[in-house]
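Undergrad: Use the sequences and the hints to build the structure in full.
Next come the chains, spelled out residue by residue.
Number of protein chains: 2
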Amino acid sequence: MQTLKLDLGARSYPIYIGGGLLGRAGLLAPHIRGKQVMVVSNVTVAPLYLDQTLAALKEFECHTLALPDGEQYKTLDTLNLIFDTLLRKRCDRHVTLIALGGGVIGDLTGFAAATYQRGVPYIQIPTTLLAQVDSSVGGKTGVNHPLGKNMIGAFYQPQCVIADTDTLSTLPERELGAGIAEVIKYGLICDREFFDWLEANLDQLLARNAGALACAIERSCRNKAGIVARDERESGVRALLNFGHTFGHAIETGLGYGEWLHGEAVAAGMCLAADLSRRLGWISDADLQRIVRLIARARLPVAAPATLSAERFMELMAVDKKVRTGKLRLVLLKAIGEAVLTGDFPADKLIETLHQSGIPAHAHA
Amino acid sequence: MQTLKLDLGARSYPIYIGGGLLGRAGLLAPHIRGKQVMVVSNVTVAPLYLDQTLAALKEFECHTLALPDGEQYKTLDTLNLIFDTLLRKRCDRHVTLIALGGGVIGDLTGFAAATYQRGVPYIQIPTTLLAQVDSSVGGKTGVNHPLGKNMIGAFYQPQCVIADTDTLSTLPERELGAGIAEVIKYGLICDREFFDWLEANLDQLLARNAGALACAIERSCRNKAGIVARDERESGVRALLNFGHTFGHAIETGLGYGEWLHGEAVAAGMCLAADLSRRLGWISDADLQRIVRLIARARLPVAAPATLSAERFMELMAVDKKVRTGKLRLVLLKAIGEAVLTGDFPADKLIETLHQSGIPAHAHA
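Residue numbers (my numbering), protein chains in the order written: chain A, 1 to 365; chain B, 1 to 365.
These are computed hints drawn from the structure, not numbers from a lab. Virtual Cβ for every residue (Gly too), placed ideally from N, Cα, C. Treat the hints loosely; a few may be bogus.
Stated by the list, open to error - Coverage of chain B stretches by chain A, computed from C-beta distances (three or more under 8 Å per stretch; other residues unrestricted):
1. 91-97
2. 309-321
Stated by the list, open to error - A few chain A residues that don't get close to chain B, going by computed Cβ distances all over 12 Å:
3. L21
4. A200
5. N201
TA: This is the structure:
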């Protein structure tokens, strides 16, 4: 097991990474202060890992809730199901919530914890690669709105994160790929050496080699923890973690939540952002090709869905959280391993990118 | 105009109290950082004070929203109306929300601000006595759940509070009384001298004497600011501000939100809490009579509604936020001007109080 620390003063917490952690006695309990626990999971993950999780919680009064599975359920209505259950089970202000599942479960449960009785503690047990390398770390919680993704939420840090790499053995192929998209993101925005490593080791990751996965998760979490520690509430550098996400969120909202996986939309979004960076002359054509090739090798989409017009795209991106007094700002690349947040690009270049002329069709998996 | 400061380090803010503040140029603008503003009000208050408020905001891009009026609308559904409007108007992360109205508008708008795009700034302009002396100060925001009052929310501080006493001229009689209930609360929990003053000046308050009202508001806010500064997130002394509220919330939830005004339910709740304190021998019968008499003079209820059985009461109180590992804790009086939070009372005394045998029927207004 490796332990990273996310350093946020009084709100610091450990991230445990390794195999067999769910069954490990004594890992969870020290992070729970009250007597009551509610494990929030979904109907896919609960049958696989709920029993194991509860076995480590014998000394507590445990309640459980299995939500429907999918991004389309990351809504205020589903959030209310968590509140209903908490109140019916008479959970008080000292209850600890445990999120057992992927990014949707983590975001929903974290937001429920941030707002139930004005705030109760929670723990993240991410069971997808995407959640282990990204969404479970850093305290971003929230739900979607029909008009925009993650538009309602809170910054609210967990007590700890437990990333048990064994849970990845049951992860569907498509979700593994979606997680790899976020892994590649770290290489692109701030860690060129890691990008090189990914080019060399992608096949190991796709084959679920345990050592390669643990290595990728640890490196991703280390990158993320470093950025979040410098900018918890995203007033600066943290925005770089949104590389590919402005395009990606537009795809998710435009297609309807759940149609593409979040990581898939981000993968296409990263290709679009790289394409725009190349049009601005910030990265070379060779770099763009390297990026698109790696993403395509991970069996991820490298272009936006054909059904989304450039006009609709612009409309959807206008509600992005990085918009400032009407001006769209995007995370773009100055190089592989160096991202910047900028509103300083000609609109026509963006339109060109959205027409996707720059993305080679043969790069599709 | 008087200016109090709520001292919370980086989250400190001023509370302005006085007449003619809504029309005062330059009071609002320095507390707004971006270009966009959304004023959230209700259908009762907007026709009275929205124009005046907007006149002070000419330099900003202003949007407005008038919600339905009443405690029964303090729900997740109404909150979503605010999000809908913010997104339709393309309000970004730099929008400032302004709550123009009573406690419901302040709680809803504050919670929307706490969670829209994970947090935007907001300003409180309370237009009821209750909101001016209590709910607008201290950063408690949230909505009700069918199973419990204020069960969903956040601690989230405004940029400033503007209490224009002129707005009280249009306040319905019943709401004036409801505000006086919270004013009396401060005397009871921590300010015996203020309680004495209220006994002497209640008729002036009921007659809406401007000087008396300003004095009561200033003294109430000063008491509240002092307590909140010591305990922002209610891990200790702040709970004393909930005197009468555990009983009161049970009344509100039990009758259905909006049936009794919040202040009316708190008034009855304070009488019940005082009655229990007397049964425990903590205050004298004479003190109980003084309390009940002052509350009755303010034309407020001094007993729970007859339709609420003691059993139902106990059930409703079991979800109170101060419950800890199943044990109900109440704010009770050691003296007029001295409250304590305690779980240390025999259940049968509480049952006796709930049967209301101790509350003299003749005290009813």
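Undergrad: Work down the list of hints and note, for each, if the structure agrees.
TA: Status of each hint after checking the structure:
1. Residue count for the region 91-97 of chain B with a Cβ under 8 Å from a Cβ of chain A: 3. That meets the three needed, and the coverage hint holds.
2. Closer than 8 Å: that is the beta-carbon criterion, and the region 309-321 of chain B has 3 residues meeting it against chain A, so the requirement of 3 holds.
3. Against chain B, the non-interface label of L21/A holds: every CB pair exceeds 12 Å, the least being about 28 Å.
4. At roughly 37 Å from the closest C-beta of chain B, the C-beta of A200/A stays outside 12 Å, upholding its exclusion from the interface.
5. Non-interface call for N201/A relative to chain B: holds, since the shortest CB-CB distance, roughly 34 Å, exceeds 12 Å.
The structure meets every hint from the earlier list without exception.
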